[in-house]
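Heads up: the protein sequence lines correspond to chains U and X, in order.
47 is the number of the first residue of the first sequence in the working numbering; add one for each residue after it.
47 is the number of the first residue of the second sequence in the working numbering; add one for each residue after it.
These aren't lab readings, by the way, just hints derived from the structure by calculation.
Hints may be right or wrong, so weigh each one.
Since copy identity is lost for identical chains, a pair holds within one copy or between any two.
With a Cα cut of at most 20 Å, we get these calculated SDA-like pairs of lysine to any residue [unchecked claim]:
| hint | residue 1 | residue 2 |
| --- | --- | --- |
| 1 | Lys175 | Asp139 |
| 2 | Lys291 | Asp152 |
| 3 | Lys175 | Gly189 |
| 4 | Lys251 | Asn49 |
| 5 | Lys291 | Thr149 |
| 6 | Lys291 | Ala325 |
| 7 | Lys175 | Arg186 |
| 8 | Lys251 | Gly90 |
There are 2 protein chains.
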Amino acid sequence: MFNLETYLQKRRDAINQAINDLLIEMVPGGRLLMAMRHSLDAGGKRLRPVLCMAAAEAVGGSPASALFPGCAIEFIHTYSLIHDDLPAIDNDDMRRGRPACHTAFDEATAIFAGDALHTLAFEVLASQKTDGISPEQQLRIIGIIADATGNHGMIEGQMRDILAQGDALTIDDLRSLHMLKTGALIKAAVVTGALCGNGNERQIKALETYAANIGLAFQVTDDILDIKGNPELMGKAVGMDERLKKATYPGILGLDESEALVRELVEESLQAIDPLGKAAEPLRAVADYIAQRNH
Amino acid sequence: MFNLETYLQKRRDAINQAINDLLIEMVPGGRLLMAMRHSLDAGGKRLRPVLCMAAAEAVGGSPASALFPGCAIEFIHTYSLIHDDLPAIDNDDMRRGRPACHTAFDEATAIFAGDALHTLAFEVLASQKTDGISPEQQLRIIGIIADATGNHGMIEGQMRDILAQGDALTIDDLRSLHMLKTGALIKAAVVTGALCGNGNERQIKALETYAANIGLAFQVTDDILDIKGNPELMGKAVGMDERLKKATYPGILGLDESEALVRELVEESLQAIDPLGKAAEPLRAVADYIAQRNH
Chain U
47 MFNLETYLQK
57 RRDAINQAIN
67 DLLIEMVPGG
77 RLLMAMRHSL
87 DAGGKRLRPV
97 LCMAAAEAVG
107 GSPASALFPG
117 CAIEFIHTYS
127 LIHDDLPAID
137 NDDMRRGRPA
147 CHTAFDEATA
157 IFAGDALHTL
167 AFEVLASQKT
177 DGISPEQQLR
187 IIGIIADATG
197 NHGMIEGQMR
207 DILAQGDALT
217 IDDLRSLHML
227 KTGALIKAAV
237 VTGALCGNGN
247 ERQIKALETY
257 AANIGLAFQV
267 TDDILDIKGN
277 PELMGKAVGM
287 DERLKKATYP
297 GILGLDESEA
307 LVRELVEESL
317 QAIDPLGKAA
327 EPLRAVADYI
337 AQRNH
Chain X
47 MFNLETYLQK
57 RRDAINQAIN
67 DLLIEMVPGG
77 RLLMAMRHSL
87 DAGGKRLRPV
97 LCMAAAEAVG
107 GSPASALFPG
117 CAIEFIHTYS
127 LIHDDLPAID
137 NDDMRRGRPA
147 CHTAFDEATA
157 IFAGDALHTL
167 AFEVLASQKT
177 DGISPEQQLR
187 IIGIIADATG
197 NHGMIEGQMR
207 DILAQGDALT
217 IDDLRSLHML
227 KTGALIKAAV
237 VTGALCGNGN
247 ERQIKALETY
257 AANIGLAFQV
267 TDDILDIKGN
277 PELMGKAVGM
287 DERLKKATYP
297 GILGLDESEA
307 LVRELVEESL
317 QAIDPLGKAA
327 EPLRAVADYI
337 AQRNH
């Protein structure tokens, strides 16, 4: 039997170790490093690097080949959380049970720490060599991650999220907002892993479908947890969406139908990777985990 | 006789055209694009892409080979200006004679527009192919630019600049602050150009010395202009350094000695590229221009 708990623990240990090694190697000490560490060490789930490594495994490659690219994606994710929490944006004082970066330090430091993590991601992607990955593949990976981070992905989603506050969105608008804001980077993590594992185009296609579905499922559970989650387990306030007048899945579909949607999305994600066989076992377990998480 | 005015005009036209083409090709319409354009179209001098192309030329390469990398560096420079102007940082309402990005839009949009330009730079660097540049060289260029943008360069300089406000810096502290804040990216622009032009390591070394000196000369003239510049020509308020209690060259050395330092730095930059002969004529003219600029 596949034990997800053990698997996640092993991966997270390797990821946390690699993040620490990269910071020691690439970032000089000082206030910026402290602020970057504050947000990186805040007990994140490391979902994106875990998915990146699991995707490499799922196409028959080595998970280690996707370790550094996975860390780079985690740097981008962390930068986006730091900027999203700023007073001018979501104005969240707490993140993962600890003061947000701008609360622990100050706004200027938080803006720069986010910026520094953003750059560091690309520095890692350009400079860390992995056996078996050609320079052409490395450039393709940088392009895929930049595309998912920028105007065709995360940052456009963050902009729309702010613009849509107070608006009554349709379910399609909400879906495309979240595909951009969180879905694009999750998909990039999975595709990057597949490329690191030298997956073929058919496998990459299957993994894209998997990623699009779990990315959305992740967001819908986020919305659900903002209503019925336990703030202590989650390490942040609940009810924020309502306070910020954000459109949510439960707000549009109701709680029951949102929960049904999560199950449906997970089902579709599992179907997509069915042809990948036993090597995709970790990805299946992660899909189930996303549907059942309580924080 | 080399005519700098004509040369700069020709280069700037090509750079502005390329920036526009890249935005049309790579950035979907909407508020983010408007904010990015607002800051990109604000009449910047395009010093970094001009230097990048002139360095390609100086090593015997084609200036066109450095056009897209030069634009990517301009995107990074523009992102840094947008974030630097924010209320939490320098709190500058005006930039180049127009409202700063957060004044024309709002803080959230300005933070995201800066972020989007930052990502776009790396997307351009990874995806735009140039004849004669190998994938290995392209990765090396991305690494050099990321290194100059991040914790070993610009962002560390911006952080130190904020932290040092109100402090009495020594001339060495001030020098290293500016080598990070503006010098590193100017140096990266010149080295990138040399790599695009397939320059050898000896040529690159000479250009690094050139760039370090003109980068500093540029900053010293900036400090001088903040005291004796014409706000109308400059499109921004003068006396900002004093208001923000920033250490400056004239503040430490006096105005006369600062002007002497500029001449000295330009002299050193010219000596460094003397062996490059006639092909480096544009770089020489740019060095003189930096010393004599009035805005």
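* To do: Tell me, please, which holds for Lys175 and Arg186 at an alpha-carbon limit of 20 Å: within, between, both or neither?
  => both (14 Å within a copy, 12 Å between copies)
* To do: Measure nothing new, just compare the shortest in-copy and cross-copy C-alpha distances for Lys251 and Asn49 to 20 Å and report within, between, both or neither.
  => neither (27 Å within a copy, 55 Å between copies)
* Are the CA atoms of Lys291 and Thr149 at most 20 Å apart within a copy, between copies, both, or neither? -> Neither: 23 Å inside a copy, 25 Å across copies.
* Asked: Can you tell me if Lys251 and Gly90 fall within 20 Å by alpha carbon in one copy, between copies, both or neither?
  -> Answer is neither: 28 Å inside a copy and 43 Å across each miss the 20 Å cutoff.
* To do: Using 20 Å as the alpha carbon limit, work out where Lys291 and Ala325 are close: within a copy, between copies, both or neither.
  => Classified as neither: same-chain Cα gap 42 Å, cross-chain 60 Å, threshold 20 Å.
* Tell me, please, which holds for Lys175 and Gly189 at an alpha-carbon limit of 20 Å: within, between, both or neither? => both (16 Å within a copy, 12 Å between copies)
* Can you give me the call for Lys175 and Asp139, within, between, both or neither, at a CA distance of at most 20 Å? => Neither: 38 Å inside a copy, 43 Å across copies.
* Under a CA distance limit of 20 Å, which applies to Lys291 and Asp152: within one copy, between copies, both, or neither? -> between (26 Å within a copy, 19 Å between copies)
Comparing the model with each earlier hint shows violations of hints 1, 4, 5, 6 and 8; every other hint is respected.
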